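*Asks:* I would like the entire structure built from these sequences, with the hints used as guidance.
First to last, the protein sequences are chains A, B and C. Per our numbering, the first sequence starts with residue 1, numbered consecutively. Per our numbering, the second sequence starts with residue 1, numbered consecutively. Per our numbering, the third sequence starts with residue 1, numbered consecutively.
In silico DSSO-like pairs for lysine-lysine, Cα to Cα no more than 30 Å straight-line:
hint, chain 1, residue 1, chain 2, residue 2
1, C, Lys-384, B, Lys-202
2, B, Lys-316, A, Lys-132
3, C, Lys-123, A, Lys-224
4, B, Lys-273, C, Lys-381
Keep in mind the hints are simulated off the structure, nothing from the lab. Computed from a prediction, not measured in an experiment: that's the story for all the values here.
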Amino acid sequence: MCVKMKIENLALKRKLDDVYNFLWSKGIERQASLLIGLIILVIFMSSYSSNFLSWRNFIHLSRNIAISGIFAVGMTLVILTGEIDLSISTTISLSGLLLIGVTKEYGIFLGIVACLLTGIIIGAINGLLVVKGKIPSFAASLATMLIVSGTAMLYCYGSPINGLPDGFRKLGTGLIRGIPVPFFIFIAILILSSFLFKLKIGSYIYAVGGNINAARLTGINVGKVKVFVFMVMGFLASFGAMILTARTNTATVYMGNGQELEAIASTVVGGTLLSGGIGNVWGTLLGVTIFTIINNGLNLLGVPSDYQYVARGLIIIGALLTQISKKNTKR
Amino acid sequence: MQKKQNGFKPYLEKISRIPGLWMALIFIVILISIINPSFFTTNNLLNVARQLSIKGILSLGMLLVILSGEIDLSVGAVLCITGLFTAAAQNAGLNLFYSILISLGAGALIGLFMGVLVVKRNLPSFIISLAVMIVLRGYAMIFSKGEPAITGLYNSFMVVGQGSILGIPNPVIIFIVVTIIFHFLLSSTSFGAKIYATGSNKEAAIFSGIKTDNIKIWIFIVMGITSALAGLILTARLGAADSKMGNLYELDAIAAVIIGGTLFSGGVGSVSKILPGIIILGLLPNVLNLFEVSPYFQYHARGLIIIIAYLLNTQKIHLKRKQKLNISTS
Amino acid sequence: MDSKSIPLLEMVEISKAFYGTQALDKANLVVNKGEVHGLVGENGAGKSTLIKILAGAEIKDSGQIFFKGEEVDFKNPLSALHAGIAVIYQELNLAPNMRVCENIFLGHEPTSDRWKMKFDLSKMKKLAKARLEEIGTDINPMSFVFSLNTSEQQIIEIARALETNADIIVMDEPTSALSSKEVEKLFNIIRELKATGKTIIYISHRLEELIEISDNITVLRDGRTIDTVKTEEATIPKIARMMVGDSLKEEKKKTVKTNFSDKILEVKNLSRSLPVGQNFQDISFSLHSGEILGITGLMGAGKTELARILFGIDPFKNGQIFLNNKPIKPKSSTDALKLGIGLVPEDRQRQGLLANRPLIENLSICSLDLLSNLGVLVKKKAYKKCNNIISQLDIKTSGIGQIVSVLSGGNQQKVVVGKWLIKNMQVIIFDEPTRGIDVGAKPKIHNIIRRLADEGVGIILISFEIPEICRICDSVLVLYKGEVTGKFFYPNVKEKDIFSSVLGNKV
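*Replies:* Next comes the structure, spelled out in C-alpha cells:
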C-alpha cells in the first residue's frame with residue numbers, strides 16, 4: 001500500500017518536474033514573476049492616476065502594445081537563433097515612407113506591396129550578410145541600418161510626407177467593437193507565430209539557438225533558418241510600419257527611432273536569452289505590455305520623455321543583469 | 001626561394017607592397033585634385049583636418065576595444081555627456097583644470113562600469129554599450145534641460161578647439177599626439193602586447209599569465225577617457241555643448257577600424273593601418289560633395305564601407321591561410 | 001560474393017595533416033559487420049581525426065574508404081549519416097533546450113500535413129517511446145534534454161543514431177562521465193544493438209572496458225595503426241604497451257644526477273574535487289632543483305588536472321604546496337608566473353599559441369616584465385633574447401616577424417616551450433611536450449628539457465609515453481584514476497615496473 005503510494009508520488013513528481021522543465025525551457029519560469037510584476041504595476045498605476053483605468057486609455061494602450069508587439073515578435077525570432085537585428089528602426093521608416101509615396105502615385109495596392117517588399121528585402125540582406133558574409137549580426141545590421149537610413153532620407157529629402165486614403169487609415173485608427181484594429185492584427189500574428197513553432201522550421205529555430213553544431217550535424221540548413229528569421233523580422237517591421245503610418249497618416253525618416261531598442265528590451269525582459277535557444281513570444285508579449293504600460297504611466301504622470309529614455313536604458317541593463325547564462329542550466 | 005626577376009617587375013612588386021589603403025587614399029587625393037583643385041587651399045585642408053581629428057581620436061580608442069575582441073557603441077554618447085559636463089562646470093565657475101578633470105573622470109567611470117559588466121557578467125559588449133548609450137543620451141537631454149546649448153566657456157578652453165600653434169590647428173596637434181601615444185602603446189609596451197594576446201587567443205593569453213579580464217576593463221576605461229577627450233575638443237571647437245553632439249560618431253570610429261583590416265574577433269590590426277581609414281572617412285563628405293551627390297549618401301557610404309571592408313578582410317585572411325598552408329606542407 | 005566475408009568498413013592508408021602536424025599517417029581500420037570494434041590510443045594518436053574523416057566532418061588528404069564494399073568519400077556529415085554512419089561524439093550533440101523526442105528526430109521529423117512542414121509531435125512521442133523502450137530505458141520522450149544527466153543524454157544520442165538507420169554507430173569516449181552502474185547499462189545496450197546486427201566502433205582509453213565489450217581492438221599511435229588484435233587474445237598490458245610505444249633508439253642514454261640538493265617544490269596531500277575532470281586525493285611528491293620528475297599514467301589519471309592546479313588555473317582546497325619551503329597558493333596563472341612556475345600546455349593550438357601573431361610576440365609573452373622597463377618594451381633586448389631562443393631551439397622560421405600559424409608542428413611546439421626560456425623559471429611543467437611531433441624532432445625537445453634541468457630548473461614532465469619517461473626522468477610519479485600508484489627514483493626507473501603501476505598496481 002505504501003509502496004504503491006510512493007510510486008504514484010514518484011510519477012506525479014516526475015510529471016510536475018516535466019511541467020516545470022517545459023516552463024523553464026520556454027523561459028516561462030521568469031514570466032510568472034513578470035506577470036505578478038505586471039499586475040502590481042497595473043495596480044500601482046491605477047492608484048496614482050485616475051486616467052489609467054479609463055476605457056480611452058485602454059484603447060490607447062492596446063494600440064501601442066499591438067504595434068510594438070509586432071516588432072518585438074520579429075525580434076524574438078531573431079534573438080532565439082542567437083542573432084540580433086539593429087536595423088529595424090530604419091526599415092520601419094523606409095517602409096512607411098514608401099507606403100505613402102508609392103500609394104500617392106500608383107495607388108494603395110502597389111503601395112502596400114512596396115512597403116512589405118522593402119522589409120522582406122532588407123531582412124534578406126541582413127540574413128545573407130550574416131550567413132554568407134560571415135559578418136557578426138550586430139555589425140551587419142548596423143551597416144544595413146546606415147544604408148537604409150540614407151535611402152529613406154534620399155527618398156523624402158528629409159521631410160515628412162503624408163496622405164493615405166481614409167479607408168486605408170482605418171487599419172491604424174479603426175475600432176472593431178471598441179477595440180483597435182491593430183490589436184486584432186497583433187493577436188493574429190501571435191497565433192501565427194504559435195503555428196510557426198508547430199512547423200519544422202519553427203523547431204529548427206530553437207535547435208539553431210540551442211546547439212548550432214548539433215543542428216548542423218543533423219542536416220538542418222542553419223543558414224536557411226537564419227535568413228528566414230531575418231526576413232520575417234523585416235516583414236514584421238514593414239507590416240508594423242504600415243499600421244503605424246496608417247494611424248498617424250505621416251511618414252518621417254525617424255519614425256522608427258527607438259523601436260529596435262524597445263523590441264530587444266521587451267524580448268529580453270520577457271525571458272528570452274540573448275544567446276539564443278530559450279524563450280518564447282508569450283514572454284515577449286508580457287515584456288511589451290510592461291514596457292507600454294510603463295511608458296503610458298510615465299506619460300500620464302507627466303514625466304518628461306528624456307527621463308523615459310533613460311529609464312528604458314536602465315531597464316535593459318537591469319534585464320541583462322538577470323539573464324541566466326546558458327551554462328548555468330539546471331543540471 | 002627568391003627568384004631573380006628583371007624588367008619592371010621588381011618595381012611593380014615594390015608598389016604592390018605599399019598597403020592598399022594608402023593607395024586608395026592617394027587615388028582619392030589625386031581624384032579630388034583633378035576635379036576640384038580648390039580643395040587644396042590651406043584653409044580647407046585645415047578644416048578637414050580639424051574635423052577628422054575628433055573622429056580620429058575616437059577611432060584610436062575603438063581600435064583598442066575591437067583588438068581585444070569587444071565593441072563599444074556608446075562613444076558618441078560619452079563624448080556628448082562629457083562635453084556637457086565640462087561646459088556646465090565652466091559655467092558654474094569651476095576652474096579650467098577641474099572642469100576638464102571631471103569630464104575625463106566621467107569617461108573613465110563609464111568605461112569602468114561597462115568593462116566590469118562585460119567581463120564579470122559575461123554579457124555581450126554590443127548590447128551593454130548600446131544600453132549605456134541610450135541611458136547617456138537620455139541623460140544628456142535631461143542634463144541640458146532642453147536648452148539648445150550650454151555656452152559660456154572659458155576662452156582659454158575654447159583655444160583648445162579653435163586655436164592653432166604654428167598654423168596647425170590644436171585639435172590636429174592633439175590627434176597627432178594621441179596617435180603617437182596609442183601607436184607607442186600598442187607596439188612598444190607590455191600593455192599593448194597583452195591586448196594583442198587577449199584578442200588573438202584569450203585562453204592562450206591566460207595560459208601565459210595574462211589577466212585578460214583586467215586588460216579588457218582597462219581598455220574600456222581608456223576608451224571612456226578617449227571619448228571624453230574627443231568631447232572636450234568638440235565642445236571647445238563649437239564653443240558650446242549640446243545634447244546632440246557626437247551623434248553616430250561611433251559608427252565612423254568602427255568603420256575606420258574595420259577599413260584598417262581589423263576583425264571583430266580581435267587580435268589583428270594596428271594604428272598605422274587605421275590611419276588611412278580615418279583620413280578616407282574624413283574626406284568622404286568632401287568626395288561626395290565633389291560628385292554633387294546628395295549628402296544623404298554619407299550614410300550609404302559608411303554602411304557599404306563597413307560591409308565591403310569586412311568582407312575583404314575575411315577574404316584576405318582566408319586566402320592567406322590557403323596560400324601559407326600550401327607553402328608549409330609542400 | 002558472400003557479404004559476410006567483405007568487411008563492412010575498410011579505411012585504407014588514411015593520411016591527414018593540419019598546419020604541418022601529421023595527425024594521421026597512413027592509418028588503417030577494418031571493421032566487420034556485427035562486431036564491437038574497439039579503437040584505442042592516447043590523446044593525439046589520431047582517433048578523433050580518423051573518426052571525423054569517416055563521419056564526413058573532416059576531409060582526408062589521401063587514402064581510401066570502403067563501406068559495404070564500395071568506395072565512398074563523404075564530403076559532409078549529412079552524407080555520412082545518410083549512408084548509415086552515425087557518430088556519438090564525446091561532447092554530446094543534443095539541443096539541450098528541446099525535448100527528447102525532438103532531439104531524436106531532429107532534422108527528419110515525421111510530418112502530419114501534406115506539405116510536410118508541420119511536425120507531428122504525438123507521433124514523435126510514440127515512436128521515440130518505442131525506440132527508447134527497445135534500448136531498455138524508461139526516459140520520458142517529452143522530457144527536456146537539459147534535465148537529463150550525461151548517461152541519459154548518451155542514450156538519447158544512441159536512440160537518435162538508431163533512428164537514422166545507422167549501420168555503424170561510433171561512440172567516442174562514451175564512458176568518461178558515467179558511473180560504473182551506468183557503464184553496465186550502456187554495455188547492455190551495446191550488446192542488444194550487436195544482437196540486432198548493428199556494428200559498433202567503440203573509442204576509449206579505458207582498457208578494461210575495451211576488453212569487456214569489444215571483439216577486436218585497433219591500436220593507434222602517432223597517427224599510425226600499430227596493430228589490430230582479437231580481444232580474446234589480448235591483455236591489458238599488451239595493448240597498453242602498443243599504445244605507449246617502443247623505446248626510442250636514436251637517443252643517447254641519459255647520464256643521471258643522483259645528488260639533488262635544494263628541494264624546489266613540495267606537494268603534500270593535494271586533492272581536487274571539481275565537477276569536471278579527473279579528481280584526485282592525497283597526492284604528495286617533491287621536486288628538486290635540476291631534477292626531472294616524470295608524471296605518467298593513462299589518459300584520465302589526473303595528470304593534466306594536477307598541472308593546472310600547480311599553475312594556478314584551477315583552485316585546490318585541501319593539501320599544501322611549498323615553493324622553496326614557503327607555502328604557496330597560486331590563484332591564477334599570473335600568480336604562478338610571478339612565483340616562477342611555468343606550464344607548457346597539452347593543447348598547443350588552443351592554449352599555447354597566439355596563432356595569428358608573430359613569432360616574437362609568442363616568445364616574449366611570458367616575460368614581458370623582464371623585457372620592459374616601467375611598462376615599455378625594450379625592443380633590442382626582446383629581439384636579442386628571441387633570436388637567442390630561435391637559435392638555441394633551432395626554430396625554422398623566416399624571421400621573428402613570422403606569423404606562427406604557418407610553422408610546422410615541431411617548430412610550433414618549440415615556440416610554446418621557448419616562451420618559458422627567457423625568464424629564469426624555478427619550475428617548468430611540460431604536459432605531453434612531444435605529442436604530435438614527428439620522431440626526428442622529439443630528441444630536440446628532450447635536449448631542451450635536459451639542458452634546463454642542468455641549469456637548475458625543476459622540471460615536471462607529464463607524458464603517457466613510458467619509454468620517454470624512462471629515458472629522461474630522474475624520478476617518476478605514477479597516477480592511476482586519481483591515485484598515486486607508484487614512485488620511482490633513479491636507478492630504479494624501470495619500464496616494466498612503471499608500466500605495472502600505470503595499470504593500477506600499487507607498488
